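Chemist: With chain A's structure known, arrange chain B with the ligands on it following the hints.
For the protein sequence lines, the chains are A and B, in the order given. First residue of the first sequence? That's 1 in this note's numbering, and the numbers climb one at a time after it. First residue of the second sequence? That's 1001 in this note's numbering, and the numbers climb one at a time after it.
Per label pair, the in silico range of CB-to-CB distance:
hint	chain 1	residue 1	chain 2	residue 2	range
1	B	ALA1068	A	ALA81	56 to 62 Å
2	B	PRO1232	A	ARG66	37 to 43 Å
3	A	ASP193	B	SER1170	38 to 44 Å
Think of the hints as simulated: they come from the structure by calculation, not from any bench. These numbers were taken from a predicted model, which means no experiment stands behind them. The beta carbon of each residue, even a glycine, is placed where N, CA and C say it ideally should be.
These are the residues of each chain, in order.
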Amino acid sequence: MAAGGAHGGDTPREIEALIDLMARLPGLGPRSARRAVLVLLKRRGALMAPLAQAMAQVAVSARDCRICGNIGTSDICAICADDRRATGEICVVEDVADLWALERAGVFRGRYHVLGGTLSALDAVGPEELRIPDLIERVATEATREVILALNATVDGQTTAHYIADALAATGVSVTSLAQGVPIGGELDYLDDGTLGAALRARKSF
Amino acid sequence: MGLTIATLTLSHFRSHRAARMALDGRPVAISGPNGAGKTNIIEAVSLLSPGRGLRRASADELARRPDAIGWKIRAETAAPLHELETFAEGADSRQVRIDGKPAPQAALGRILRILWLVPAMDRLWIESAEGRRRFLDRMTLSFAPDHADAVLAYEKAMRDRNRLLKDMVSDAHWYVALESQMADAATRITANRHHALSRIAAAQQGAETAFPAAELALIGPEGEDIPEDLAPALAANRRRDMAAGRTLLGPHRADLAARYATKGVPADQCSTGEQKALLISLILANARALAADLGTPPILLLDEVAAHLDQHRRAALYDEICALGAQALMTGTEPGLFDSLGNRAQSFAVVEEGGMSKVSET
Ligand SMILES: Nc1ncnc2c1ncn2[C@@H]1O[C@H](COP(=O)(O)OP(=O)(O)OP(=O)(O)O)[C@@H](O)[C@H]1O
Ligand SMILES: [Mg+2]
Ligand SMILES: [Zn+2]
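Isolated chain A (complex conformation) (with noise of 0.2 Å):
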């Protein structure tokens, strides 16, 4: 086979490399990534360009939010920052997906916190890995009423929501999930914002 890899021919190394990671994106394989670069080559001035010059800036100034874990451009995320979201509810999600997500919906009001993932001994994911510790803080220093875990219905997400009820138990705070409705191992992500909304009022102790 001639040198020039997998992408056949004399595809230039620049435009492989790009189309390899292209390909890790979720979503594309190997074949749409080749097409999205192409549709990019073609419309280099029109398009590439300017994603170019957004990527590199959201590079450099994407930052994990310091309080809630969400992702933005500044060391405290916007709906930190606003002062009408000091509700007393954090809501804690498994993925900034899920935050998105929920954001989307409108269906909420107040602040959140986000894991980035669930409890696994066996992944040896354990609760600093998910900012458990700072959740426990925040409860104790911002004046909060009610924890929603809006955690997945595996076994995963369960173990988590039950290890932050428990830890949070001696501090008298409100602990709630999100009602039944929500699919078994279902993503909050792939709600629609009805459904959202519907699991979100109907909410329960813990």
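Modeler: Relative to chain A, chain B with the ligands alone:
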């Protein structure tokens, strides 16, 4: 007649390169010499239920040697019609498709109920509790397809707890979280098992059968009762479990105690023939209970069962299977073993030819 397999296709599965069997719902008698590929056929059927099948093989052992290009089992069920497929490629784990759509393994249990008896189970009553627990859970799964989900959830949480124990983690919240998950699943597991045992006991009452009734009981590893609520028991046992590096208490340690009812003798002290008769009796009682509950008997896989029975018992087994209307797939080395079935059964011959099994209806 209930839900049965209408067509069964094996591709590159063990000794079979391409075998297709069209079944009409009657019991199926499979005969052929040693090593022909008979057990492989019923193993394939056992993989149409959740778990690792009747040999507990891993997915890569099932690929036909020397091709090693992956294997596939496909079945169509009759009344109602479903298409079931299970397969594996390379070193991947086995996949399931139901009616053309990817599905979790546990979903198979909602379509077909399958029970089996294989020669390796002859020593079930005298060997370790593991085999009896597996037998019990297979019966339980036939009554409660959700049992598979409960067992998976329990094992997942327990593996995490065992890791904490091994790593000497002392975070009490973490234990509480896992133990409450384990306790929830354990409650479901134990309830499912008790339900199965009570249904089987009821089906043995006053049944007309040539096989001896068995009294069954669910017990703990040392013969004790299983705790009603596992969470406090697990919490109290953390130190002991940490010393052992694993969880010593719970449904994963339960055992099935059996007694030959009319004699009052524990199963492990019965004769070889009596022990086998107890197993057959339980499978038949399970099948009768399911037929009563669901209106359809399960599929029975009976490997080499006929060979171990005298002529009278063998005829009685066939009569009971026919009376149930169960699709029983039975193997034997001699076609003569199935003579008394006559045309109440479909017959297949299996031979080995040029390094592969050949199956033909006779
Ligand atoms: N992965 C595999 N690839 C090819 N052949 C296999 C594979 N696994 C098992 N076999 C072979 O399949 C053959 C038939 O096995 P099977 O257990 O079905 O025989 P059987 O007809 O039940 O014989 P018996 O009467 O002795 O029980 C055996 O010779 C075995 O070596
Ligand atoms: Mg065999
Ligand atoms: Zn924030």
